[in-house]
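Turn these sequences into a full structure, and let the hints guide you.
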Amino acid sequence: MSTKASRAAARLMISPSVILLLGWMLIPLGLTLYFSFLRYNLLMPGDNPFVGLENYSYFLTDPGFTAAIWNTLALVLGVLVITIGGGIVLALLLDQPMWGQGIVRILVIAPFFVMPTVSALVWKNMFLNPVNGLFAHLFKALGLQPYDFLAQAPLLSIIGIVSWQWLPFATLILLTALQSLDSEQLEAAEMDGAKPLSRFWHIMLPHLARAITVVVLIQTIFLLSVFAEILVTTNGGPGYASTNLTYLIYVQSLLQYDVGMGSAGGVVAIILANIVAIFLMRMIGKNLEA
Amino acid sequence: MARAVKTQRKALNTAIAWGVGLLIFFPILWTILTSFKTEAEAIADPPVWFNFSWTLENYFTVQERSNYFRHFWNSVVISVGSTLIGLIIAVPAAWAMAFVPGKRTKDVLMWMLSTKMLPPVGVLVPLYLIFRDLGLLDTRIGLVFVLTMINLPIIIWMLYTYFREIPSEILEAARMDGAGLREEVLHVLMPMAVPGMASTVLLNIILAWNEAFWTLNLTAAKAAPLTAFIASYSSPEGLFYAKLSAASTMAIAPILIMGWFSQKQLVRGLTFGAVK
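If you read the protein sequences in the order shown, they are chains X and H.
Counting in this note's numbering, the first sequence runs from 1064 upward without gaps.
Counting in this note's numbering, the second sequence runs from 603 upward without gaps.
One or more of the hints may lead you astray.
Below are the PhoX-like pairs computed for lysine-lysine, each with C-alpha atoms no more than 25 Å apart in a straight line [claimed, not checked]:
hint	chain 1	residue 1	chain 2	residue 2
1	X	Lys1067	H	Lys705
2	X	Lys1258	H	Lys612
3	H	Lys708	X	Lys1067
4	X	Lys1349	H	Lys705
These aren't lab readings, by the way, just hints derived from the structure by calculation.
Listed below in structure tokens is the structure:
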């Protein structure tokens, strides 16, 4: 089909991307792996002896690690449940005939375009602050005690903020999938007397299954790396109450200057992310053949 | 009768949807409103909605105190720069893979995608040290490089899915007419590829503008884009809600507008073509 010359040209055109990405991936990865076997702290100059798996055993037995794993799980699962549940409801709602549908869609999608530091700080100060936040005003108006969200329920508050950011993404993708559903099939089911709930359960949900999987996988990749929202709201605290794996590694490497330990944590994070990535890649790869 | 019921249902849908939409949008609306208040009005209890003395003072204060436009400009340079460089590297690759696919094209594409799955924190330490040793910490050029690499797989993938939709018969016809590779690309392919490329550029500027891991960890005062600059409001002194709102409004406005234009591409870009 294609000539030898065009083959060679194609290879030449692809090679810059491949070489750059290969370097981008292999050099830092190799260094992370290498550092993870060294006793290497920037505060303690001198040679950095090889210590085998010492960093890993410290990292994995650190009380912060167990907390961070659970917090990471809670954060990912919490946000997934909220955004997918809410996303399905919103997508079904937006799919109905209404006036000003385009504007409503714009309103719903907007939070996705707000940078993480802005959304976290706006929520932290203007809504969740126990003295001046809108929720505090609302609680007082209702005769309730103001609640210090970020001190009393730091992880839940962060789950809320991150869900607000990702709900638009889930909604948009599920809506796109919903709109590709054959309307004749739905009408036929309606004619046959299928109730709305059974139409949803037997026709819409199976049709959405693929889109839901894609949302779960992509969001998981991003949610494993939530960082800015934690940094500007709670700094991971109080204690380890809102520290996830990403934040823990950040603290160890850039605040405590422990290169060895931070690298061991990095390797652990890569392994965890890869488990998710394998499933995602399979889904996308299947689509490539279609 | 049936018609009246239909209109009634439509009205009900409209009311619910607008209610929910405004609720989700409310934090952004509130930020924009607060940016025009005085600091005292910003924390007033009960809150003031529209009946306050509108002022632009916060915008001027933010600029005066912290040289806001320097950070704004950093954001522009970093997001546009990384996107354009990424585009230059990605167009030939996507073109070749879409029109001269080989046996391993699919594997190469999947491998490129897999680099995107790497959690940034996994390579934080070495990258930080490399940047320190090369004097790249807190420089725009360093960040442009990192963001180019992060978004390169998305750019290649998006371009690839767009290019693949261009019928290759047209290219063959051009070739038959004696068009060389240069003419083929410049006069035949490019005009058809421009819409897809524009969407790719738009989405990548948005992603780069909002990137908040590397920008926070690799910059300090000098090269900090808006993501990092806004983070400095996390430990403020005195009253600052109105100023925070003004800084935030300016930081999100351009992207909000671009984002609304690229809704459709967002789905394709962020799902790597898995949902269209």
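Q.
For a C-alpha distance cap of 25 Å, please report whether Lys1349(X) and Lys705(H) respect it.
A. Holds. Lys1349(X) to Lys705(H) sits at ~16 Å (cutoff 25 Å).
Q) CA of Lys1067(X) to CA of Lys705(H), is that 25 Å or under? A) holds, 14 Å
Q. Do the alpha carbons of Lys1258(X) and Lys612(H) lie within 25 Å of each other, as the hint requires?
A. Holds, at roughly 19 Å.
Q: Below or equal to 25 Å on CA atoms is what counts here, so check Lys708(H) against Lys1067(X).
A: At roughly 19 Å apart (the allowed maximum being 25 Å), Lys1067(X) and Lys708(H) satisfy the hint.
Hint compliance for this structure: every hint is met.
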